[in-house]
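Chains A and B supply the protein sequences, listed in that same order. Okay, so the first sequence: first residue is 314 according to our numbering, each after it adds one. Okay, so the second sequence: first residue is 4 according to our numbering, each after it adds one.
Keep in mind that a hint or two might mislead.
What the hints assert, rightly or not - Listed next, with one range per pair, are the computed distances between beta-carbon atoms: (1) B:L128 <-> A:G476: 20 to 28 angstroms; (2) A:V483 <-> B:L158: 21 to 29 angstroms; (3) B:L153 <-> A:A608: 29 to 37 angstroms; (4) B:G43 <-> A:V483: 16 to 24 angstroms; (5) B:E138 <-> A:G447: 57 to 65 angstroms.
As the list claims (entries may be wrong) - Distance condition first, Cα-Cα at most 20 angstroms in a straight line; then the derived SDA-like pairs of lysine to any residue: (6) B:K88 <-> B:R121; (7) B:K83 <-> A:L508; (8) B:K88 <-> A:T514; (9) A:K458 <-> A:P469; (10) B:K83 <-> A:P513; (11) B:K83 <-> B:V68.
In case anyone wonders, no lab produced these hints; they're calculated from the structure. Only a predicted model underlies this, so the values are computations on that prediction, with no experimental measurement involved. Heads up, the beta-carbon is just placed ideally off N, CA and C, and yes, glycines get one too.
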Amino acid sequence: MRYFLVLIPLALLPLLLNDFWVSQVLTRALILGVIALSLSFLATYLGVVSFAQVTLAGVAGYAVAYFGPNTVGLGFPLPLYVSLPIALLLSMAAGALIGLVARRSRGIYAIMITLAIGVAFFYFTRQNYALFNGFTGFSGVIAPKMGEGNWGDPMPLYFLALGVSVICVVLVNGFVRSPLGLAVQAVRDAPGRLLALGIPTTYPIVAAFAFSGLIAGSGGILNVWFQERVSSFSVGIGPIIDVLIISVIGGLRHPTGAFVGAIVYVMLDIFAIDLIDRDRFNLLIGIVLLAIVMAAPNGLHQLAIDWVGKLRGRAEQPRTN
Amino acid sequence: MPLNTEQKTTTANALETQGIGKRFGGFWAVKDVSFSVKPGERRAILGPNGAGKTSLFNILTGDYVASSGAISLFGEDVTKQSIPKRIKRGLRRTYQHAYLFDGLSVCDTLFLAVAGVRGGWRQVLPVRSNDPRREEAERLADVCGLASFLDRMVLELSHGQRRQLEIGIALAEDPKVLLLDEPAAGLSPAERPLLSKLLLSLPADITVILIEHDMDIAFQTSESVTVLFNGQLMAEGTPEEVMADKDVHQIYVGGAHGH
Ligand SMILES: Nc1ncnc2c1ncn2[C@@H]1O[C@H](COP(=O)(O)OP(=O)(O)O)[C@@H](O)[C@H]1O
Ligand SMILES: [Mg+2]
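With the hints as extra help, turn the sequences into a complete structure.
In structure tokens form, the structure reads like this:
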């Protein structure tokens, strides 16, 4: 419930800001946050760090481009109520497949497998012209119409991204309290013990990856509407690392940290460029990441919670005295 | 036919093994063990460390695939059956080394234990507080003495409470044969009587096989004893008979006893 209070400023903020802030800072952060949420979910509840979440976002993004309007003359336009479910089903199916492949892997091995899948998908999209239009990918992938304008305009897209973010957080919170979600956490803690309760481990693992595909796919769809295009660059190593950094900055302790990580990342990205050149940006991000990991091993989100806790403790003390 | 099978299940032993063994490389951790336990019997398994007691349990539950022999549960051959199938037949166990879901609460852990047998663990909607499986989990917490720790994370439980939770898990959904692997290991002297009490309060129709180093607990709660040594069956009988056995006396007094 407490979390919903955050929505009040988030709903009012765009009224005070110009389009650049609304779209390049807030909307972008929300979209990155949703994709990073899919990673934080897996890391927190299944205990697996997946490098393939951008790939899953890409699957849904490409699907929306292929089955929707685009300017490259490729694909098979379908109405939105068909293309959107297809896109999300595909990203879920891709997630399930990755889960099946990585089901016995943990730690560094899971990272290697998912990274390999991510990189393979990147190269595949560059070389395949029939489905992915190769190197250039799809452009002109505009969001659906809405009254005079369309959902891709700064305000509507912001509120759409905000709505999707809220839904994704609610879904994650609901899923982890479901029987299957509990089984997923049990796999994280002691897979052999879960088996000894009569519950096989493959199903929860595959389901967790598929669910993460649903979340990542939602972010991926928003992302194509935001960028109005999708190409191999959207699923390359760059975005893969960005999402990982965002998750780490936000902390893997609680999934909503992903949004904290995303806003920090986006602010750095935008404002550091004015001060230093593009190449040094990676150095800066590296230093910031290092500082955060050292100062707040559980991420900024947890650090903030700890601070709030301390402040409250301090505020309450005089009253009790 | 139906009459026949009926008769079979009522007269069959709760658990029976014929020449079961487990080999690791060239080493038999359990070798040619044949024994049977009647329904409702309370059996203690004794033996020094490394005798093969835990391995025996692992074969019975399906954690290990038997290298030789056959196992039957209430007259039904389960040697080739999967762990979940044996659980559905009423076989339950606890682990010697507490092996639990540290990040789950007591209630959620017991919920999974119930859902593992009763089904529905694939559901993706949040568990409601009036879910019958949740109510059963709360009842189990009560039985194993953790009623006031329902929302406590397993990570935060004491060693003794973890042992209690192990037993609570094993009691989920109508257990018929309960395998308890050193449930008193690592408990403080104050906690031991509590455990004995819990064991003695188990419903009389549950068959219990108990691995226990603590002789007081073993003899207080069991009517028959099986002694394993070097993976093989060494002696079997009432506690008095077994204690009078020369070989058993030798290994227990002769210094092989210990943790
Ligand atoms: N998975 C395994 N791999 C190899 N050796 C094992 C394995 N499990 C048990 N053993 C060996 O089998 C023997 C019996 O072990 P165990 O059944 O744990 O004895 P107990 O429970 O009576 O102390 C020991 O020598 C142990 O090292
Ligand atoms: Mg043992």
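*Outcome for the supplied range 29 to 37 angstroms, where the beta carbon pair is L153 of chain B and A608 of chain A*: At 36 angstroms between Cβs, range holds.
*Straight-line alpha-carbon gap K83 of chain B to V68 of chain B, limit 20 angstroms*: holds, 8 angstroms
_Assessment of proposed distance window 21 to 29 angstroms (beta carbons of V483 of chain A, L158 of chain B)_ = holds, 26 angstroms
*Given hint L508 of chain A paired with K83 of chain B - CA-CA distance at most 20 angstroms*: The hint holds at about 16 angstroms.
*CB of G43 of chain B to CB of V483 of chain A, is that within 16 to 24 angstroms?*
violated, 50 angstroms
*Verdict for E138 of chain B, G447 of chain A (Cβ pair) under range 57 to 65 angstroms*: holds, 58 angstroms
*Is the straight-line distance between the alpha-carbon of K88 of chain B and that of T514 of chain A 20 angstroms or less?*
Status holds; Cα separation ~15 angstroms.
*Hey, K88 of chain B versus R121 of chain B, does the alpha-carbon distance stay inside 20 angstroms?*
holds, 12 angstroms
_Quick check on a hinted range of 20 to 28 angstroms for L128 of chain B and G476 of chain A, using CB atoms only._
holds, 21 angstroms
*Given the hinted pair K458 of chain A and P469 of chain A, is their alpha-carbon gap at most 20 angstroms?*
holds, 11 angstroms
*Are K83 of chain B and P513 of chain A close enough, with their CA atoms no more than 20 angstroms apart?*
holds, 17 angstroms
Violated hints amount to a single one, hint 4; each of the other numbered hints is respected by the structure.
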